Amino acid sequence: MSGHSHRTPDGFAAQAREALGDRTLTQAMRRVTDLFAERRAAALETVPDWQELRQQARAIKLHTLARLDHYLAQFAGAAAKNGAIVHWAEDAAAACRIVGELAQVHRATRLVKSKSMATEEIHLNAALAAAGTEPVETDLGEWIIQLAGEMPSHIIVPAIHKTRQQISELFVDKLGVAPSDEPTVLAAEARERLRQHFAEADMGISGVNFGVAETGTILVLENEGNARMTTTLPKVHVAVMGIEKVIPRFADLEVFLRLLPRSGTGQHLTSYQSLLTGPDVGVPGRAGQGPRELHLVLLDNGRANIAVDETMRETLACIRCGACLNACPVYQSVGGHAYGAVYPGPIGAILTPQLQGMHQAAALPFASSLCGACKDVCPVQIDIPSLLLELRKRAVEGEAPGAAPAKRAAFEALTWKLWAWFVRSPGRYRFAAAMARLGDKLPLVKRLLPPMRAWASSRALPRLAKRPFRAGHKDGGS
Amino acid sequence: MPAPRPSRDVALFATCLGDQLFPGVVEATVTVLERAGCAVRFDPRQTCCGQPAFNSGYWREARQVARHFLDVFERADAVVAPSGSCVAMLHRFPQLFADEPDVAARAAALAHKTFELSSFLVRELGVTDLGARFDARVGWHDACHGLRELGVRDEPRTLLAAVQGLELVELRTRESCCGFGGTFSVKLPEVSTAMLDHKLDEVMEAPIDVLAAIDGSCLMQLHGRLERRGARVRTMHLAEVLASR
Amino acid sequence: MSARETILARLRQRAPDAPPPPPLPPVRSTALLEQPPFASRLAAFTAILAKLGTTVEHVADVATAARRTTELLAEHGARSLASSDHALVAAVTAQLPTDIERLAHDAPRDDLLRAEAGLSSAQWAVAETGTLVLVSADERHRLCTLLPDLHIAVVPASRLVATLGCAFARLQPDAAPAGQTITFVTGPSRTADIELTLVVGVHGPKALRVLVIDD
Numbered sequence: 005m006s007g008h009s010h011r012t013p014d015g016f017a018a019q020a021r022e023a024l025g026d027r028t029l030t031q032a033m034r035r036v037t038d039l040f041a042e043r044r045a046a047a048l049e050t051v052p053d054w055q056e057l058r059q060q061a062r063a064i065k066l067h068t069l070a071r072l073d074h075y076l077a078q079f080a081g082a083a084a085k086n087g088a089i090v091h092w093a094e095d096a097a098a099a100c101r102i103v104g105e106l107a108q109v110h111r112a113t114r115l116v117k118s119k120s121m122a123t124e125e126i127h128l129n130a131a132l133a134a135a136g137t138e139p140v141e142t143d144l145g146e147w148i149i150q151l152a153g154e155m156p157s158h159i160i161v162p163a164i165h166k167t168r169q170q171i172s173e174l175f176v177d178k179l180g181v182a183p184s185d186e187p188t189v190l191a192a193e194a195r196e197r198l199r200q201h202f203a204e205a206d207m208g209i210s211g212v213n214f215g216v217a218e219t220g221t222i223l224v225l226e227n228e229g230n231a232r233m234t235t236t237l238p239k240v241h242v243a244v245m246g247i248e249k250v251i252p253r254f255a256d257l258e259v260f261l262r263l264l265p266r267s268g269t270g271q272h273l274t275s276y277q278s279l280l281t282g283p284d285v286g287v288p289g290r291a292g293q294g295p296r297e298l299h300l301v302l303l304d305n306g307r308a309n310i311a312v313d314e315t316m317r318e319t320l321a322c323i324r325c326g327a328c329l330n331a332c333p334v335y336q337s338v339g340g341h342a343y344g345a346v347y348p349g350p351i352g353a354i355l356t357p358q359l360q361g362m363h364q365a366a367a368l369p370f371a372s373s374l375c376g377a378c379k380d381v382c383p384v385q386i387d388i389p390s391l392l393l394e395l396r397k398r399a400v401e402g403e404a405p406g407a408a409p410a411k412r413a414a415f416e417a418l419t420w421k422l423w424a425w426f427v428r429s430p431g432r433y434r435f436a437a438a439m440a441r442l443g444d445k446l447p448l449v450k451r452l453l454p455p456m457r458a459w460a461s462s463r464a465l466p467r468l469a470k471r472p473f474r475a476g477h478k479d480g481g482s
Numbered sequence: 008m009p010a011p012r013p014s015r016d017v018a019l020f021a022t023c024l025g026d027q028l029f030p031g032v033v034e035a036t037v038t039v040l041e042r043a044g045c046a047v048r049f050d051p052r053q054t055c056c057g058q059p060a061f062n063s064g065y066w067r068e069a070r071q072v073a074r075h076f077l078d079v080f081e082r083a084d085a086v087v088a089p090s091g092s093c094v095a096m097l098h099r100f101p102q103l104f105a106d107e108p109d110v111a112a113r114a115a116a117l118a119h120k121t122f123e124l125s126s127f128l129v130r131e132l133g134v135t136d137l138g139a140r141f142d143a144r145v146g147w148h149d150a151c152h153g154l155r156e157l158g159v160r161d162e163p164r165t166l167l168a169a170v171q172g173l174e175l176v177e178l179r180t181r182e183s184c185c186g187f188g189g190t191f192s193v194k195l196p197e198v199s200t201a202m203l204d205h206k207l208d209e210v211m212e213a214p215i216d217v218l219a220a221i222d223g224s225c226l227m228q229l230h231g232r233l234e235r236r237g238a239r240v241r242t243m244h245l246a247e248v249l250a251s252r
Numbered sequence: 040m041s042a043r044e045t046i047l048a049r050l051r052q053r054a055p056d057a058p059p060p061p062p063l064p065p066v067r068s069t070a071l072l073e074q075p076p077f078a079s080r081l082a083a084f085t086a087i088l089a090k091l092g093t094t095v096e097h098v099a100d101v102a103t104a105a106r107r108t109t110e111l112l113a114e115h116g117a118r119s120l121a122s123s124d125h126a127l128v129a130a131v132t133a134q135l136p137t138d139i140e141r142l143a144h145d146a147p148r149d150d151l152l153r154a155e156a157g158l159s160s161a162q163w164a165v166a167e168t169g170t171l172v173l174v175s176a177d178e179r180h181r182l183c184t185l186l187p188d189l190h191i192a193v194v195p196a197s198r199l200v201a202t203l204g205c206a207f208a209r210l211q212p213d214a215a216p217a218g219q220t221i222t223f224v225t226g227p228s229r230t231a232d233i234e235l236t237l238v239v240g241v242h243g244p245k246a247l248r249v250l251v252i253d254d
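Chains as they are written, first to last, in this note's numbering: chain A, 5 to 482; chain B, 8 to 252; chain C, 40 to 254.
Everything labelled a hint here was simulated from the structure, so no lab data went into it.
Mixed in with the good hints there might be a few duds.
DSSO-like mimics (lysine-lysine), calculated; alpha carbons at most 30 Å apart, straight line [to be verified]:
no. : chain 1 : residue 1 : chain 2 : residue 2
1   : A       : 450       : B       : 194
2   : A       : 178       : C       : 245
3   : B       : 194       : A       : 178
4   : B       : 194       : A       : 470
5   : B       : 194       : A       : 421
6   : A       : 445       : B       : 194
7   : A       : 450       : A       : 421
8   : B       : 120       : A       : 379
9   : A       : 85        : A       : 239
10  : A       : 239       : C       : 245
Chain B stretches covered by chain A per the calculated footprint, using a threshold of three residues with CB under 8 Å from any CB of chain A [claimed, not checked]:
no. : segment
11  : 69–79
12  : 109–116
13  : 187–199
For the chain A half of the interface with chain B, some residues (derived, Cβ under 10 Å), not all of them [unchecked claim]:
no. : residue
14  : 11
15  : 15
16  : 30
17  : 372
18  : 379
19  : 414
20  : 416
21  : 417
22  : 423
23  : 425
24  : 427
25  : 441
26  : 461
Keep in mind it's a predicted model, so treat the numbers as computed, not measured.
Ideal placement from N, C-alpha and C gives every residue a C-beta, glycine not left out.
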């Protein structure tokens, strides 16, 4: 498998350093985030009611998530009535087992898959590979990183960290083709190879962008046509859907379709949306043209716990557009790999600790300067900075639901206790400041204190003023 | 000279950073407020708003400090600070005291009358010209918390536009975070510096003499790196620019 | 307990003091806005698709559509044509030169996979976004709009609506027979996965041509 599977959410600091040492990666990240941010800004100018759309989308999501039991049951019922077969998966293992068994039952050995974050979250490919039926990724970027045995670095353009030369070398090595670093040639090669896979596939696996409760319809959104292929050509289609993807009404799709592509790639609409309402079995006198069986795997894997957490619930409003990644100065600097998880960037920093548990992802809520750019661009107005702060508190106080108290340095806890003791009293504050002035004169102190060292590694240390402001203002007047 | 204005009592929140590291910025704040017709008082019992602990996840400790802040300031008519970040923290108090609704309500009332310097001058007092003169080309850094939590964008520009001799140069990266982020800057120094350098790469090429902002914390970060990179660009707080004559 | 019950039970574990759910806002739809006249709709549709490299032509009748289809096929060097079962498509194909190989919607999969062009109609076209709305319950066009390199769509002028919301208002998947697939197509297939360089035609059609026919 991947040569990068050692990465973990808690390894953020080291992984970020590693990323910063990779110029190809950092330049690619800067390029993609700049370009998408620019395109997003241009796309927004064509939508005068953008803020109203965001409010509408947020209101729909928050309502649905607060009553998710109701809407999920309604969705499952409607989908079943349409002829879809609905499966419920409590966790990643259950979802992988369900898909694996479906492959077995249908004797499916050739599987194709379109891009889906939920299937990456549950590591479906690895699970199916263990059974000898690893699906072929068919999104160009995903296919490239599958060939390379790597991890996506961006949720919209997964192979953005690879240069065309690196992709060319990869194709020469893995496919035995003549070298070419021309993207059109490389894409044509992918088209031809993957055509073969589509034509022969027994089963197609996709994700779901939206599930409509009132009709049981699922919507899959894409640009390349690979998701259409995946959901049309094989005789069995398995769609893995996070339970938070449900929205109440068919007509609500318009709002989300106006928001999602503009926020993600800056397109007014992606090339294709497939709205599937049951398997395409056809009508009397007319055969269907799609899969005869549609299986829906409804994935919880930690989502239900988030949905009943009043404070954190809005995490699930995310529609996976990637706008917060592109706007985030941390992500812009280090890219997706540093986060050591499937969901990178600001949304990953709040989602990963909740899905995987604080005991292995407590570093992520701290991987932010709290600048707030993510909240500004989020099409559903998720207050990511507030959620980051809440998770920081939980990491420190060990009250993350379903997670063991996070590791934390006793020294750090003691430091903050002392800090508060000094700072909550004017007398002690003055005393501490006076002591600090003494310390400021001793260069040794600066060399020994880790925060000072960390600061001074790249920046000149500030000096305490000879006299604090208050020294001249003891009388209360100015 | 600006016309005399009705007096307004202002409780000055120097901020711990201003008090201990940048007393000159606080002095300039007092000067500017007095020129705008305010009677400024400094309550020496004040310390910190609690943000460092709050942002680090130590809310119990942050509450202890925040409670002290409430006790010191809640009887003031108006509280003004030369910082967007510390004022934005006041707006976080309801989140911090979510389990104590009575304290949260007191905090919300205080937040309502606590202002960042430039927005107090422009929005509350309607003052835009402080009779300042400053001969320099100035680049502006939109500090994150002021910009995104308090909506401070036009106010500093309005004030700078009235400064004689000053040429404001708009930077492409004006709204990019400087990478400070409190303890973020020392917990992840390499990432913090990468963010900083992205901004400074433009700053150091820009035709500016001074890089200015409303927050001492950003300026500390920006200055520390500019000095390390041997740049000739100086950093200044808005108050210092406005107090110049 | 079944997985279904477990998940639903988890979702019902709300705190007793939890606030009531916020209300569901009324549907927000652009279908309720005033609709511009056909000429404006056609101009918008043409302009936005032009940005995606897709040409839109307004033709008077089936004969003209057939002539333009023939020319488009020649331009793209396409010798075989997969068609849907739409009446308008049938009318157009009937007037095409006989040397073009015709493949019906129910032709063997392997034949459809090697078809060089596809001809379909669309149930709706959306001016604002340049989108074709393909409803499988009304037309068998899933394969002929997807597999060939060139997709030509002949769309009745009366089907051109102003906005996406207008299309949603006319689509009723719950009223349609089960198994309905609706596909929105906006321009050709594309990717920017390699260094963000736009490549048109990665898995789906490399070119899309639209003929709007007066009806």
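How the hints compare with the structure:
| no. | hint | in the structure |
| --- | --- | --- |
| 1 | A:450 - B:194 | 16 Å, holds |
| 2 | A:178 - C:245 | 26 Å, holds |
| 3 | B:194 - A:178 | 41 Å, violated |
| 4 | B:194 - A:470 | 28 Å, holds |
| 5 | B:194 - A:421 | 18 Å, holds |
| 6 | A:445 - B:194 | 24 Å, holds |
| 7 | A:450 - A:421 | 21 Å, holds |
| 8 | B:120 - A:379 | 25 Å, holds |
| 9 | A:85 - A:239 | 20 Å, holds |
| 10 | A:239 - C:245 | 25 Å, holds |
| 11 | 69–79 | holds (count 5) |
| 12 | 109–116 | violated (count 0) |
| 13 | 187–199 | holds (count 13) |
| 14 | 11 | 16 Å, violated |
| 15 | 15 | 12 Å, violated |
| 16 | 30 | 8 Å, holds |
| 17 | 372 | 7 Å, holds |
| 18 | 379 | 7 Å, holds |
| 19 | 414 | 13 Å, violated |
| 20 | 416 | 8 Å, holds |
| 21 | 417 | 8 Å, holds |
| 22 | 423 | 7 Å, holds |
| 23 | 425 | 8 Å, holds |
| 24 | 427 | 5 Å, holds |
| 25 | 441 | 9 Å, holds |
| 26 | 461 | 5 Å, holds |
The structure is inconsistent with the numbered hints 3, 12, 14, 15, 19, although it conforms to all the rest.
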